[in-house]
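Chemist: Read off the chains here:
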Amino acid sequence: MFSLDLFANAIVAGLLLGGFYAAVTIGLAIAFGQLDIVNIAHPAFVIVGSYIAWIVNTRFGIDPVLAGLLAAPLFFLVGSVIYRIYYAAFERTGQESLSGLAFFFGMMFIIEVVLILAFGVDYRLVSAGYVGATIQIGFVGIPLRMLVPFGVATLLTLGVYLYLSRTFMGRAILAVAQDRLALQLMGADPVRVKQFAFGLAIATAAVAGSLLIIIGPVEPSVGRQYIGRVFAIVVLGGMGSIPGMFIAALVLGVVESLVASFMGPSWAPAVAFGVLLLTLALRPSGLFGRA
Amino acid sequence: MNGAVLQVAGLTKRFGGFVALQDVALHLSAGERLGLIGPNGSGKTTLINCISGALANDEGTIEFEGRDITRLPPYRRARLGVARTFQIPKPFRSMSVLDNLRVPLEYAAWSRAEHGRITDEAMEMLEHIGLRHRAHVSSGSLTQVDMRKLELARALAAKPRLLVSDEAMAGLSSSEVDEILEILLALNRRGVAVIMIEHVMRAVMKFSERVVVLVAGCKIADGDPQSVVAQADVIKAYLGE
Amino acid sequence: MKISPFWVCVAAVIATGLLFTGVAKNEYYFNATYVILQATIMAVAWNILGGFTGYVNFGTAGFFAVGAYTSIALSKAWGLPLPALIFAGGAVCALIGLGVGYLTLRLKGVYFAIATLAMAIVFETLVNNWSYVGGAKGAYILTPDKHLWFDSYIEMLFMVMLLLAVACVAISRALNSSRLGRGLAAIRDDEVAAECAGVPTLRLKLISTTLMGAMMGVAGAPYPFFVTFVDPQSAFNLFVAVNAIAMPMIGGTSHWLGPVIGALLVGTMQEIITVNVSSELNVLIVGIMLVVFITLAPQGIVGLVRKYRSRRER
Numbered sequence: 022m023f024s025l026d027l028f029a030n031a032i033v034a035g036l037l038l039g040g041f042y043a044a045v046t047i048g049l050a051i052a053f054g055q056l057d058i059v060n061i062a063h064p065a066f067v068i069v070g071s072y073i074a075w076i077v078n079t080r081f082g083i084d085p086v087l088a089g090l091l092a093a094p095l096f097f098l099v100g101s102v103i104y105r106i107y108y109a110a111f112e113r114t115g116q117e118s119l120s121g122l123a124f125f126f127g128m129m130f131i132i133e134v135v136l137i138l139a140f141g142v143d144y145r146l147v148s149a150g151y152v153g154a155t156i157q158i159g160f161v162g163i164p165l166r167m168l169v170p171f172g173v174a175t176l177l178t179l180g181v182y183l184y185l186s187r188t189f190m191g192r193a194i195l196a197v198a199q200d201r202l203a204l205q206l207m208g209a210d211p212v213r214v215k216q217f218a219f220g221l222a223i224a225t226a227a228v229a230g231s232l233l234i235i236i237g238p239v240e241p242s243v244g245r246q247y248i249g250r251v252f253a254i255v256v257l258g259g260m261g262s263i264p265g266m267f268i269a270a271l272v273l274g275v276v277e278s279l280v281a282s283f284m285g286p287s288w289a290p291a292v293a294f295g296v297l298l299l300t301l302a303l304r305p306s307g308l309f310g311r312a
Numbered sequence: 071m072n073g074a075v076l077q078v079a080g081l082t083k084r085f086g087g088f089v090a091l092q093d094v095a096l097h098l099s100a101g102e103r104l105g106l107i108g109p110n111g112s113g114k115t116t117l118i119n120c121i122s123g124a125l126a127n128d129e130g131t132i133e134f135e136g137r138d139i140t141r142l143p144p145y146r147r148a149r150l151g152v153a154r155t156f157q158i159p160k161p162f163r164s165m166s167v168l169d170n171l172r173v174p175l176e177y178a179a180w181s182r183a184e185h186g187r188i189t190d191e192a193m194e195m196l197e198h199i200g201l202r203h204r205a206h207v208s209s210g211s212l213t214q215v216d217m218r219k220l221e222l223a224r225a226l227a228a229k230p231r232l233l234v235s236d237e238a239m240a241g242l243s244s245s246e247v248d249e250i251l252e253i254l255l256a257l258n259r260r261g262v263a264v265i266m267i268e269h270v271m272r273a274v275m276k277f278s279e280r281v282v283v284l285v286a287g288c289k290i291a292d293g294d295p296q297s298v299v300a301q302a303d304v305i306k307a308y309l310g311e
Numbered sequence: 121m122k123i124s125p126f127w128v129c130v131a132a133v134i135a136t137g138l139l140f141t142g143v144a145k146n147e148y149y150f151n152a153t154y155v156i157l158q159a160t161i162m163a164v165a166w167n168i169l170g171g172f173t174g175y176v177n178f179g180t181a182g183f184f185a186v187g188a189y190t191s192i193a194l195s196k197a198w199g200l201p202l203p204a205l206i207f208a209g210g211a212v213c214a215l216i217g218l219g220v221g222y223l224t225l226r227l228k229g230v231y232f233a234i235a236t237l238a239m240a241i242v243f244e245t246l247v248n249n250w251s252y253v254g255g256a257k258g259a260y261i262l263t264p265d266k267h268l269w270f271d272s273y274i275e276m277l278f279m280v281m282l283l284l285a286v287a288c289v290a291i292s293r294a295l296n297s298s299r300l301g302r303g304l305a306a307i308r309d310d311e312v313a314a315e316c317a318g319v320p321t322l323r324l325k326l327i328s329t330t331l332m333g334a335m336m337g338v339a340g341a342p343y344p345f346f347v348t349f350v351d352p353q354s355a356f357n358l359f360v361a362v363n364a365i366a367m368p369m370i371g372g373t374s375h376w377l378g379p380v381i382g383a384l385l386v387g388t389m390q391e392i393i394t395v396n397v398s399s400e401l402n403v404l405i406v407g408i409m410l411v412v413f414i415t416l417a418p419q420g421i422v423g424l425v426r427k428y429r430s431r432r433e434r
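Chains as they are written, first to last, in the working numbering: chain Z, 22 to 312; chain F, 71 to 311; chain S, 121 to 434.
Hints are computed from structural coordinates only; laboratory data are not their basis.
Please read all numbers here as calculations on a predicted model, not as lab measurements.
Be a bit skeptical, because a hint or two may be false.
[What the hints assert, rightly or not] Here are the simulated lysine to any residue pairs, SDA-like style, with alpha carbons at most 25 Å apart:
1) S:Lys-228 x F:Leu-125
2) S:Lys-427 x F:Ser-211
3) F:Lys-160 x S:Pro-418
4) F:Lys-160 x F:Met-193
Make the full structure from the sequences, and use the hints.
Modeler: Printed below as a string of structure tokens:
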């Protein structure tokens, strides 16, 4: 049953959702795309960010996005520590493929269960001025609770992209994946650079988490739905390309939205993974990835 | 009677915009000893990677014993008799030295080996290269020299008819170089053609019947060792103007 | 004729199992050991691809659940007996393993791991939307009347599982020290060098995934009869997935005994905790154990024992 109304709304919703997906994915785009660290626990960190935003919002009435930004430095530190452990245990000994993966897999469970034990399985929401309001343009409705995250996500992506391409540390991060030796000759310690990058990646999770809980209610297992999405986006966009990641995020958002609108929401989880499998089978380097 | 064991024609390999090998031609007769030299980055390892199949060449053909192997995956080439060592040894670290040799015997040399005697053959090979006393040691714990020897032994265990040795002697002492040289010469006496990539000129000159020089992906010289190293452009490539 | 200690143990285990069914009256014990045996098969299966070949499978829940749902579908359609269902579950999952492997094994190991996770979610979604097997609401399975000479159906299931577990362990052990096993280990240690040593890496990897898939399907096939109510949430549950990875990694991945030790130890511990505390705590503990073992003892318990023994020999 096709109607232009439904179609247009689905596209718009998809774009907004896709933009938000970019915020969730940017951390993985750095960790996996640049550093080859398969942080499968990244969505779990995002959920932690959501819970922190929820606590700060309900306790102190602070705007969730602000809460996310305030939590970011803390997440940065946590990320740095985790990278140190990861490096000492795996990268130095060359074990990263099997053990590194399992390490983050274990982390993912630990985080989820700790959240369940601490907060229970009830859904949590935040309240902010814009949650609930909708802008109406013709027959297309744009909920503010989607528009605000979209805006913040776009700024976040742009910010990270500019940082990586314009600053010394940013370019060092881009370089460390491609040529460790050259980086060392330039006077930068690859391990410190990677540590900084991973810290940055986890810091973005704080912001993404605050956006997530604006879009909708959150409970501990919600993170699992995003594993497929973030990897699908990184792979579809192409490893190492931030603009590619953003476009891939929009594409995924739109496809998911259309599938949910016309085939039913119970098919939505398969979309991300279906996209991922197709990309891996047909064009593994993604849309914009380095070959 | 000398048939061509290896015939490479028009080999070109690009990495994005960078041309690593340009229209390289190489001919190797059965049982011949060829030295392949050239400055760092000239494409020697890329050439071997294309010959062994680890990389796919963009243009050109590779024929082994008259058979076109250009599209064959590496394991098929190994089974036909193409073996190579790696510049930085890549042992199977979780396995013992002995098991490291069993793998090529059981796979690459499967059609040429006596299935009931694999372990014995592996032990004999270890004996020949002087690693028998380390047979049951984990290969990850060997010394540098022993690892080089194991790398070579593994290539020999594949019972090849062509062996490419990639800088097996780098950083070794004079007597160690002689050890490796003797192993390669002994192999050659059994009819195996050998391409030796080396920077240790003493070894190259002593070993090679013919020398090929590769500079920036192009072959610039191919002939008798003495005359090749006396060529002006070869000297220029190594020493600059 | 010399009989190796392994087969003596196997005979002892089977005999003990039979004795158990004759003697024990409390059904709880059969339930508990069934779960541990199921975990053992899953751990052994995972290890064939993960430990022996070096490719991580995150979609274990998918294989397990497909085995279970194949059982449900075929049981509903044609009322096939248990052995046929087990065979079918194994066969279907073997094909899936082959298929997923073929699509993704030519890429880096990392992509394979993610693709397996993808496959599990895709199957879960398919099952959720397939009303014939109950969809999201789940399906009830009636306990069959026939249970051979055993006192109850669960006792028979237990015995079936025991035999399956023994068979899988025996296969894994044979693989570990065979030519095929050495080829897999070569792939795990250095795939490029393995390829250059004549190992047909893609073919062996596919054999590995197929075998793993078959074993997991076999583990899942009797599951509907064990729980009598199956829904996607429980069949595809994460616990099965974590355990399948954590148990071999804790026990030790390069040796066939590793997953067995891991499953017995961790499985037993989990049973005790579930009964006395809560099941969330189980996941937390497994997660922590996994992370701790990987970071500090990457070779698992088997590795620790080896180190201890080699130190004593000095």
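Chemist: With reference to the structure, classify each hint as holding or not holding.
Modeler: Now for the hints, and whether the structure bears them out:
For a cut-off of 25 Å, the pair hint linking S:Lys-228 to F:Leu-125 stands: about 15 Å separates their Cα positions. Between S:Lys-427 and F:Ser-211 the alpha-carbon distance is near 14 Å, which keeps this suggested pair within the 25 Å criterion. Proposed proximity of F:Lys-160 and S:Pro-418 is supported: the alpha carbons are some 21 Å apart, at most 25 Å. Under the criterion of a C-alpha separation no larger than 25 Å, the hint pairing F:Lys-160 with F:Met-193 is consistent with the structure, at around 20 Å.
The structure meets every hint from the earlier list without exception.
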